[in-house]
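Chains as they are written, first to last, in our numbering: chain P, 1 to 576; chain H, 1 to 331; chain Y, 1 to 409; chain U, 1 to 350.
These are computed hints drawn from the structure, not numbers from a lab.
With a straight-line cut-off of 27 Å between C-alpha atoms, the simulated DSSO-like cross-links for lysine-lysine are:
hint	chain 1	residue 1	chain 2	residue 2
1	P	LYS46	Y	LYS62
2	P	LYS46	Y	LYS63
3	H	LYS199	H	LYS245
Listed next, the stretches of chain U that the computed footprint assigns to chain P, with coverage defined by at least 3 CB atoms under 8 Å from CB atoms of chain P:
hint	region
4	21–34
5	49–55
6	105–118
7	171–181
8	311–317
Glycine residues also receive a C-beta, built at the ideal position from the N, C-alpha and C atoms.
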Amino acid sequence: MTKKLFYILIALLLFSSLVLGACATTPEPTEEVVVEEPVEEVVGEKIPLTLYYMPVTRFYYPSPKEIAEGMAADMANAGFDVQLELAGDWPTYLGLRREGNLDGLYMLGWGGDNGDPDNFLNYFFGFAGADKVGDDPSTWVKSPEAREGWYANTEVAYLLYQAAINPDQAAREAMYQEVEALLHEDVARIWVAHNNTPLVFSSTVSGYVPQPVGADYFEGVVVEGSDTFVFGRGGDSVQLDPAVVTDGESFRVTGQVLEPLYQYEPGSTKPIPALAESCTANAESTEWVCVLRQGVKFHDGTDFNADAVIFNFDRQRYTTHAQHYESQVYEYYEYMWGGFDDDSIITAVEKVDDFTVKFVLAEPLAPFLANLAMDIFAISSPTAMEAAGEDYGLPSNGAVGTGPFKFVEWVEGDHVTVEANVDYWDGAPTVDQIVFRVIADDSARFLALQAGDIHGFEQAVVEDLVTAEAADDLYVMTRPALNTGYLAFSYKIVEFQDVRIREALAHAINREGLIENFYGAYGEAAVNFLPPLIWGHNYDIVDWTYDPELSRELLAEAGFPDGISEVTIDPAYGTE
Amino acid sequence: MNPILEIKNLKTRFYTQDGVVKAVNDVSYTMSSGEILGVVGESGCGKSVHALSMMQLIPDPPGKITNGEIWFDGRDLLTLNEDQMQKVRGRDIAMIFQDPMTSLNPVFTVGFQIVEALLLHNDMTKEEAKERASDLLNLVGIPGAKQRLNDYPHQFSGGMRQRAMIAMGLSCEPRLLIADEPTTALDVTIQAQIIDLVKKLQDELGMAIMWITHDLGVVAELAHTINVMYAGSIIETGKIRNIYKQTRHPYTIGLLGSLPRLDDSPGTELVSIPGLPPDLVALPEGCPFAARCGYRIDQCLTEKPPLVEIDGENHSVACWRWEEIAGMGTK
Amino acid sequence: MAKINPEEITVTDFAVREHRSLWGDAWRRLISSNTARLGMFIVVLFVSSSTLSHYFWKYEPKKDLDYSLKLKAPNLIITEEIPSTHLFGTDKLGRDIFRRVVHGGWNSLRVGIVAVSISLFFGGAVGLMSGFYETVTMTMVERLILFGTTGFLLGFLSAWIANQYFQLVLYTGLGLAAGYYQDLFKGKFLRMVTFSILGAFFSAVPGLFISPTVALICGLWGLFTGVLLSRPLDGKFFSNVMMRLMDIVLSFPGYLLAIAIVAFLGPGLGKGMIAIGVVGIPVYARLTRSVVLAIIHKEYILAAQSVGESHGRIIFRHVTPNILSPIIVQTTMGLASAILSAAALGFLGLGAIPPEPEWGAMLGESYRYLTSGAWWAVLFPGLAIMLSVLGFNLLGDGLRDALDPKLRT
Amino acid sequence: MIRYIFRRILSVLPTLIGVTFVIFMFQRLIPGDPAIAMLGEHATDESIERIREQLGLNRPLFLDREALVDDDIPGFFDSQYMRYMERLSHLDLGDSIHRRIPVMETLKLRFPATVELSLLSMIIAVIIGIPVGIVSASRRNTAIDSISMVGSLIGVSMPIFWLGIMEIMLFAVILQWLPAGARLSTGVEIESITNLYLIDSLITGNMEGFADALSHIIMPAVALATIPMGIIARMTRSSMLDVLQEDYIRTAKAKGLGGRLVLFRHALKNAALPVVTIIGLQAGTLLAGAVLTETIFSWPGIGRWIYDAILGRDYPIVQGGTLLIAIVFIGVNFLVDILYALLDPRIRYK
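Pulled out of the complex, with its shape left as it was, chain P reads as follows (with noise of 0.2 Å):
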């Protein structure tokens, strides 16, 4: 009887797996799930007031969330009842970024990497990547590079692609000028505080340079009773191939190892020779000649030449070269000269003779000796970098170049040693060993300072540096600031396209009090994108003022006489 049953189901399911096999349909091959942003999708949708603080300490925001806590205070006091929001941890947070799906305010900051405007302005405001001026803007705004927030500008745009080909310093400087003019006008962004980073040293030591932009200058370092010098960080160097690496913790360390062409002056950004002599330009400056210095060797006892400078910069170029591999990422080269292969700016690198090399640029670009300079281009040793192969820079094989400092060991996470150069061109340093230590917490730093575990380091907690400035068998030394942290808006949200809500806001924010607080006496409220150290700065510009009542006013002339606590999506952004 059940068995009878048991046939009948079975015949039953056989039966139905036949046809709905046969109705069903077959796959169709692309059914890549699109994420998409459910937000983006609502029309005009409400959502709170949301301020988005980073998950990481940058030397732009010395402690993000209090100061998120600070401005959202002040934000609070002033009518806009903001929320406090951590998007995630630093991958996702930079991620949302891109997508431009922060919505709402947001942290985040700047920090140069050469000497130019142009390095600061145009990859928010210009439209690099993009096609160029006339388009209409949506075609660019696209692109990731011209969109923090949604912010598309083409007067800015146009002006910074101008000044980008412009060889005339003098003419350049009025335009960035102006585009600081009118980013203020238009509170793009709110431009909160530059940060004269603070370096602390036991008093037996001196000498030290540090950079606004580039390697800090060791060379001179002169330790009382010690020939080695001890320098505390908080992070590893990630690899000390410059090429592949964008953090500072690596170049602190290959920029004692390895030189480039040119270099900045100790103390400022101004590009000064280095292994080059000397550099000049065609009167279209599309072409530079520079004469290298001769007689310098790489550690490895090669001679520094002209086919030395052209393999390096080659090798970056080239995605076919033989030192060019895959699983590295040349990211500085392709955003400095503006890709790989065919699409890079240097069409070419020749040599006129052996101390001397020519570049051949597609169009001209002002910023070229600034670009030289970076730590990113400095010299290798070919014998070196093809004998270690994929693993140049990796602890087991370290740098060679010319530098005045040759690489000893690397411990992972733990230490890396570099001794004297002796026969450095410059002359020997006056330090035989340095050690770049990891330790990771800001405290424990300055605990190993004060027992003398280490001779210096940076990144201090505030409260630390005054303590520092206190002590006698200790000081404190700041790098000039070359950054600038910021308040971004996402245009997504249409309360934040009337710029009177947007200057509210820049008037709400007590940034003296913010910086007095949490950056000491070492950070400065800014005024600009561009901090006072670069050329192009606008002094002109008043800041906003802080005055709560100003913005409540403005705010009630906005529309929002009671405060403003919830915020609404532009259905127009964000469905590309």
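Since chain P is already given, all that's left is putting chains H, Y and U on it; use the hints.
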């Protein structure tokens, strides 16, 4: 007929959250060497506790021996300190316990546990001890003793464990062996075997045995003398014959009544004692059994009857009306 | 003296001590222990203070900011530079730490309760069922459910590959059939063959309409499914699977797992609660299972079975009440550890969104100022954490002693 | 015995496989793109794409249905999970995404640091916890008992990160006796044999190195030890109490054994069973606690390293590290089971 053990008004108390449990109240009796004494009573009547008190194995806290003397070959055990007591335990007085399942240490071999006792009390080498141990196992009738020495308790059956326990108890040829309900946890056939075993051993070794049980049937086969205990006191004691033939205490009568007898004419129903034993925390002044007693008079509720000898054969009863009961002639 | 005949005698009331209920007893034991009383005191203090402050002592963290008062040491006397008393001092933003600690309690309490509820609910359910069915044989319905779900789950792969989700029906059907016809054909082997062939068919045939390869792969999977289903799965199987899962979760260090979950869900107190709750599940599952196994052979369970009570009824009427006490103890202690883990997450910056006061986060923010001597900013939140945790632990400890009949003397 | 061990191994295997699966799932479920994590603020779309390509992040997670539709069976199996398993199968943990260094290399450096820390804490916990437990069990309901039990309960309730901070404040900031972080002071060299500095320095007879290493490890070790210490003490006590109520203890006494013998021979061996288990489980707690301790004492171990890797989406590190920890944890508990069986004949002879 020299007394080996003499207990004088032993009092044991447990101090608990619910109050003072009067577990043993004024127990006194003597025991002569080679005698088998049966201590009978319902569970919780203090029979085990008074035995443990003798060994001074009362968990303390909460237990305490508040009063009394325990004379064992000329020494009052209660005056001995722990070290001296340890020498007594196992060597002079050995004890075997109710539940053989839990009374052997599961993580040591049976052999080890016997040898341990041997080495403790006699100076012999490990080898000798092992020898002796296997002899003992043979003695208590465990086949293949040699190999069994290395077995763990859980590899033994219940009966065998109890045998092992006995072997352990006998290991130093004690003068007094206290068996605390040794057969309760075993099934009847094994019970019988164990009892025979003990009888046999007693014949061979001639030590005195105190057999604690709630099962009058068992004692009947075994004991020379019986102490009937109730609510921490002895309420009737005497030669086995007397207890069975001239039962005087209502409680004992009850006990015997609740015991099926072969010579019962079919149809005789078992008399059972109504109610429960009194709460040892709140003992009634007066006879502890009064509340359940069929022969109760008012005096019983107010005065506690003393244990009085009623014939030349030190048959003693603690009841006000034993004479009348005698007159009634039970059964 | 006249003879008395037994008939006249009436047996008077027995002197038997009145008996208290288990809970009454437990309560008496609980309050009689000093440590438990201390624990209760702390817990009550902690709960009441945080609840009351939450409802009656208004605090707007959003607006709380006064740079002029940053990192002031505890003071009781009002001076002109510190116009207010700060029992615990102030933090970097000049906020009164005492106030934030008290209000922080509310968050910790919520985390504790929610997290524990999650672990208790899921862990308890899993443990109860695996413990129960490991020993009690399943009824037909239960077996059908088990087989059906197994089939359904296994069906997913095949259904996904062929992109024909109706296959789930087939697999479920197969499962049900396998469950119903446990003793189809005498002989395991024959049954196995039958079901494996059926399985192969059910997933291969629809697959055929996509492509032969799909059919092949699906067929193989179906084969495997059939074989698995042909075996008599039972409570043991279920219990094993569950316990393996628990082992897996257990073999990750708690914090790391919690961190990963938070990283996955995104930060925030709510997410933290879930993370901690999930991490806690195996603990409860295992505990529940073990205690169930301990009592499942007790006579009253057997009795209930023998009179044919339904399993559900047995579980809720007989099993649950009897495993309560260890669970209660574990829950109390679980609250403690949940609060602790929450604080840990907060300390790593994965806890409450600022400016919400939360103990762990307060520590994480302030310990950078330790070197400059702001001990108060670290000491008090930490103490708060430790005391509240200690309170629950003491209480749980007391409860264990109170509810554990073994220790009755 | 052998069969027992074998059975245990078999029962461990599925857990291990499950663990690898969970690890894989987690890191893939976590939002955020390793490419972005690696490139930071300046990332260009091109480079991000290149990296995703090169890391195989654009492959499907498990199986590739489309590949199957066009009859490409290898393509069907060529997924991120299969690649991951395939690498695992020959014990290749891959290279760190951020700094192309093989994860194995870094593990060799960092794991010993964590092991050293955990081991020392465990030793501290055991040598303090067990005696305390025994004493308070044998002195039940006395002042000593309640003091030590409340003490151990405080230990259990201790937020170790807070304790760590307090230690630093006291010994590093105020008294300045001990260093606040790291494993060794600069300049102190210990030639690495096991990479457990304490042991290495002893082997090489490098006393001043030993002292230095000790001064660095002591604070974190103590902080880490508190919780296990408390737990072990309590467990020892309670299981001691349980055992002391057992009949066989009475038997032993009846045999005339002295209190000490009874306690240490008959009671302790039985009481050891649950304690051993607990100690095994504590291995997990320690490794977990390492995340916090290593953060506070900037200890170059794997706890903090994995934490950062999770935040930095450095999948190979997360995989390698977590897997290692899980394996260690499982392994330790496996050993505990064996030990258990050795201690308890009832299990051994099942």
